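Colleague: Sequence:
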Amino acid sequence: MRSPNSLMFTISCLLENAAGSFLITAWHGNELIGLGNAISDGYLVVYYPHLLLLPAFQGKGIGKQIMVLLQEKYKDFHMQMLTADAESIGFYEKVGFTRAGKTAPMWIYSGNDH
Numbered sequence: 001m002r003s004p005n006s007l008m009f010t011i012s013c014l015l016e017n018a019a020g021s022f023l024i025t026a027w028h029g030n031e032l033i034g035l036g037n038a039i040s041d042g043y044l045v046v047y048y049p050h051l052l053l054l055p056a057f058q059g060k061g062i063g064k065q066i067m068v069l070l071q072e073k074y075k076d077f078h079m080q081m082l083t084a085d086a087e088s089i090g091f092y093e094k095v096g097f098t099r100a101g102k103t104a105p106m107w108i109y110s111g112n113d114h
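UniProt numbering puts the first residue of the sequence shown at 1, with every later residue one more than the last.
In short, the hints are calculated from the structure, not lab data.
Mixed in with the good hints there might be a few duds.
To be verified - With a straight-line cut-off of 30 Å between C-alpha atoms, the simulated DSS-like cross-links for lysine-lysine are:
1) Lys94 <-> Lys73
2) Lys75 <-> Lys94
3) Lys102 <-> Lys64
4) Lys60 <-> Lys94
5) Lys60 <-> Lys75
6) Lys102 <-> Lys75
7) Lys60 <-> Lys73
8) Lys75 <-> Lys64
9) Lys94 <-> Lys64
10) Lys102 <-> Lys73
Said to hold, decoys possible - What follows is a list of derived Cβ distance ranges for each label pair:
11) His28 <-> Trp107: 24 to 34 Å
12) Asp85 <-> Ala56: 12 to 22 Å
13) Pro105 <-> His78: 16 to 26 Å
14) Gly29 <-> Tyr109: 32 to 42 Å
15) Asp113 <-> Tyr43: 11 to 21 Å
16) Gly111 <-> His28: 39 to 49 Å
17) Trp27 <-> Thr103: 18 to 28 Å
18) Arg99 <-> Val68: 18 to 28 Å
19) Lys64 <-> Asn30: 17 to 27 Å
Here the structure is a predicted model, which is why all the values come from computation and not from measurement.
Glycine included, C-beta positions come from ideal geometry on N, C-alpha and C.
The task is simple: from the sequences and hints, build the whole structure.
Modeller: Here it is in structure tokens:
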């Protein structure tokens, strides 16, 4: 799938045996510049764990297009969810996400970058 500024988006199964997984990649020529993926139960709930874009390509609508493609695939699902870093909240609100009421993200995390 081509966009106006010579970017190419590809849609594929994340893993052959992971029917609930989905991956969209964005390419500029032969360079992978971004990706977004989804994990779902196949019926009701989808979680978007990653939206990654090289810094030089941020702010150009590419991340938004990846999210639009993901949301289109899962438009009939009961719940689409993600965890947004503080600096990403505004972006996700612009593509339709809202804070989940009185819920709070919870995790067991062994990294040190959050």
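Colleague: Are the hints correct? Go through all of them and say.
Modeller: Hint by hint, here is what the structure shows:
1. Taking the CA atoms of lysine 94 and lysine 73, the gap is near 18 Å; set against the 30 Å cutoff, the hint holds.
2. A distance of roughly 16 Å separates the Cα atoms of lysine 75 and lysine 94; the hinted pair therefore holds under the 30 Å criterion.
3. The straight-line distance between the Cα atoms of lysine 102 and lysine 64 is roughly 26 Å, inside the 30 Å bound, and the hint therefore holds.
4. For the hint pairing lysine 60 with lysine 94, the CA-to-CA distance comes to about 14 Å; that is within 30 Å, so the pair holds.
5. With a CA separation close to 24 Å, the supplied pair lysine 60 and lysine 75 stays within the 30 Å bound.
6. Taken as a hint, the lysine 102 and lysine 75 pair is honoured in the structure, with Cα atoms around 24 Å apart against an allowance of 30 Å.
7. Distance restraint check for lysine 60 and lysine 73: the Cα-Cα separation of roughly 22 Å lies within the 30 Å cut-off, and the hinted pair is therefore satisfied.
8. Annotation: proposed proximity of lysine 75 to lysine 64 holds, straight-line Cα distance about 15 Å (limit 30 Å).
9. Using a Cα cut-off of 30 Å, the hinted pair lysine 94 and lysine 64 holds, with the two alpha carbons roughly 9 Å apart.
10. Proposed proximity of lysine 102 and lysine 73 is supported: the alpha carbons are some 27 Å apart, at most 30 Å.
11. Checked against the hint of 24 to 34 Å, the C-beta distance between histidine 28 and tryptophan 107 comes to roughly 33 Å, which is consistent with it.
12. Between aspartate 85 and alanine 56, the C-beta spacing of about 19 Å keeps the proposed range 12 to 22 Å intact.
13. Distance hint for proline 105 and histidine 78: a CB-CB separation of about 19 Å, consistent with the stated range 16 to 26 Å.
14. Distance hint check: the CB atoms of glycine 29 and tyrosine 109 are about 36 Å apart, consistent with the given range 32 to 42 Å.
15. Between aspartate 113 and tyrosine 43 the C-beta distance comes to about 33 Å, which lies outside the given range of 11 to 21 Å.
16. At about 29 Å, the beta-carbon gap between glycine 111 and histidine 28 misses the expected band of 39 to 49 Å.
17. Distance hint for tryptophan 27 and threonine 103: a CB-CB separation of about 36 Å, inconsistent with the stated range 18 to 28 Å.
18. A hinted range of 18 to 28 Å for the beta carbons of arginine 99 and valine 68 is consistent with their spacing of about 21 Å.
19. Between lysine 64 and asparagine 30 the beta carbons are some 23 Å apart, a value that agrees with the proposed interval 17 to 27 Å.
Figure legend: structure checked against the earlier numbered hints; hints not met, in rising order: 15, 16, 17.
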